[in-house]
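Asker: Chains S and U supply the protein sequences, listed in that same order. FYI, in the numbering used here the residues of the first sequence are 1 to 158. FYI, in the numbering used here the residues of the second sequence are 159 to 316.
Be aware that one or more of the hints could be misleading.
[Unchecked claim] Derived lysine to any residue pairs resembling SDA-like cross-links, with alpha carbons at most 20 Å apart:
#	chain 1	residue 1	chain 2	residue 2
1	U	Lys-232	U	Glu-197
2	S	Lys-148	U	Glu-197
3	U	Lys-306	S	Ile-118
4	U	Lys-278	U	Val-226
5	S	Lys-115	U	Glu-197
6	S	Lys-148	U	Val-251
7	S	Lys-148	U	Val-226
8	U	Lys-274	S	Asp-54
9	S	Lys-74	U	Asp-187
10	S	Lys-120	U	Val-213
In case anyone wonders, no lab produced these hints; they're calculated from the structure.
Residues per chain, in single letters:
Protein chains: 2
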Amino acid sequence: ARPRVGYFYSGRSGTQLLTDSLNHIFVKDYQSIPVVVNESISVYDAIVMMFLEDVGTLFVVDKQSVLVGVLSRKDLLRASIGKQELSSIPVNVIMTRMPNITMCTKEDLMIDVAKKLIDKQIDSLPVVKETEKGYEVIGRITKTNITKAFVALADEKF
Amino acid sequence: ARPRVGYFYSGRSGTQLLTDSLNHIFVKDYQSIPVVVNESISVYDAIVMMFLEDVGTLFVVDKQSVLVGVLSRKDLLRASIGKQELSSIPVNVIMTRMPNITMCTKEDLMIDVAKKLIDKQIDSLPVVKETEKGYEVIGRITKTNITKAFVALADEKF
Numbered sequence: 001a002r003p004r005v006g007y008f009y010s011g012r013s014g015t016q017l018l019t020d021s022l023n024h025i026f027v028k029d030y031q032s033i034p035v036v037v038n039e040s041i042s043v044y045d046a047i048v049m050m051f052l053e054d055v056g057t058l059f060v061v062d063k064q065s066v067l068v069g070v071l072s073r074k075d076l077l078r079a080s081i082g083k084q085e086l087s088s089i090p091v092n093v094i095m096t097r098m099p100n101i102t103m104c105t106k107e108d109l110m111i112d113v114a115k116k117l118i119d120k121q122i123d124s125l126p127v128v129k130e131t132e133k134g135y136e137v138i139g140r141i142t143k144t145n146i147t148k149a150f151v152a153l154a155d156e157k158f
Numbered sequence: 159a160r161p162r163v164g165y166f167y168s169g170r171s172g173t174q175l176l177t178d179s180l181n182h183i184f185v186k187d188y189q190s191i192p193v194v195v196n197e198s199i200s201v202y203d204a205i206v207m208m209f210l211e212d213v214g215t216l217f218v219v220d221k222q223s224v225l226v227g228v229l230s231r232k233d234l235l236r237a238s239i240g241k242q243e244l245s246s247i248p249v250n251v252i253m254t255r256m257p258n259i260t261m262c263t264k265e266d267l268m269i270d271v272a273k274k275l276i277d278k279q280i281d282s283l284p285v286v287k288e289t290e291k292g293y294e295v296i297g298r299i300t301k302t303n304i305t306k307a308f309v310a311l312a313d314e315k316f
């Protein structure tokens, strides 16, 4: 007969329970709205856009709304100490372009995205959906979203 | 008599084990080296320093090495779209200054620092040590360090 004590043997250790928690934290629950710009805008306008939208990364799309590049605050700051006029350089000259963009989907785990951000030494990833034309940007994950997931671990009941 | 099964009743639930893990992750185990500049250098030189050191935040100190301000990549980018010559503006004109600087110590928990970063909407905190003259900067915590702590949760045995 089962012993009459106030608990069940779950067969799972504390480490496993922690891993279980991490395996339930998905991109779709933490992603932010992406801010996209067209590849023909100037570096100056991209910097202004970054302030208006208060983001650290802009995703660059072509006329068909397909992801073609990524612009970080660092990319824009680097351009700002160059000699060229910021309003005369298009962003596609300084952006990181496909296929060198690390991406994720909304079904990915936050822990896996966190590993990618650390491995690639980047601050942000686009959340994409594959279409016939290419990748459409449907969200973004930044280190702020990762930090929020970390804080949630302390608050939530798993 | 104690039932003969292969476990002990620890009195702690999975949630408590998770909280225990978070209560063992300290600033001192994840902090990075701080990059400090003198308050008299120009915005242009601060941007160059940010690239040379590859950091997103600079801490500004006075002649006595006491913390007087913080410069984010965002602060420097904002200055770069202004009309003034970047090499003629000293950083103390655009920096966030004391007492408006959120700080932490090396004995603080990473989970508490993560909450501060989210609450104050900032990317980085100086790790400080109080002296008679003021606060000396001994480290920094960024969202990258928080992300590394989050990744470590998945890898480590607690």
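Asker: Run every hint past the structure and note whether it holds.
Answerer: Results for each hint:
Restraint check for Lys-232/U and Glu-197/U: satisfied, since their Cα atoms lie roughly 18 Å apart, inside the 20 Å limit. This hinted pair does not check out: Lys-148/S and Glu-197/U have alpha carbons roughly 33 Å apart, beyond 20 Å. Taken as a hint, the Lys-306/U and Ile-118/S pair is honoured in the structure, with Cα atoms around 7 Å apart against an allowance of 20 Å. A hinted pair counts as satisfied when its Cα atoms are at most 20 Å apart, and Lys-278/U with Val-226/U qualifies at roughly 18 Å.
Between Lys-115/S and Glu-197/U the alpha-carbon distance is near 36 Å, which puts this suggested pair outside the 20 Å criterion. For the given pair, Lys-148/S sits about 32 Å from Val-251/U by alpha-carbon distance, which is inconsistent with the 20 Å threshold. Only pairs whose Cα atoms come within 20 Å are accepted, and Lys-148/S paired with Val-226/U is rejected, the gap being roughly 29 Å. Among the hinted pairs, Lys-274/U with Asp-54/S is consistent with the structure: their alpha-carbon atoms are about 19 Å apart, no more than 20 Å.
A distance of roughly 27 Å separates the Cα atoms of Lys-74/S and Asp-187/U; the hinted pair therefore is violated under the 20 Å criterion. For the given pair, Lys-120/S sits about 15 Å from Val-213/U by alpha-carbon distance, which is consistent with the 20 Å threshold.
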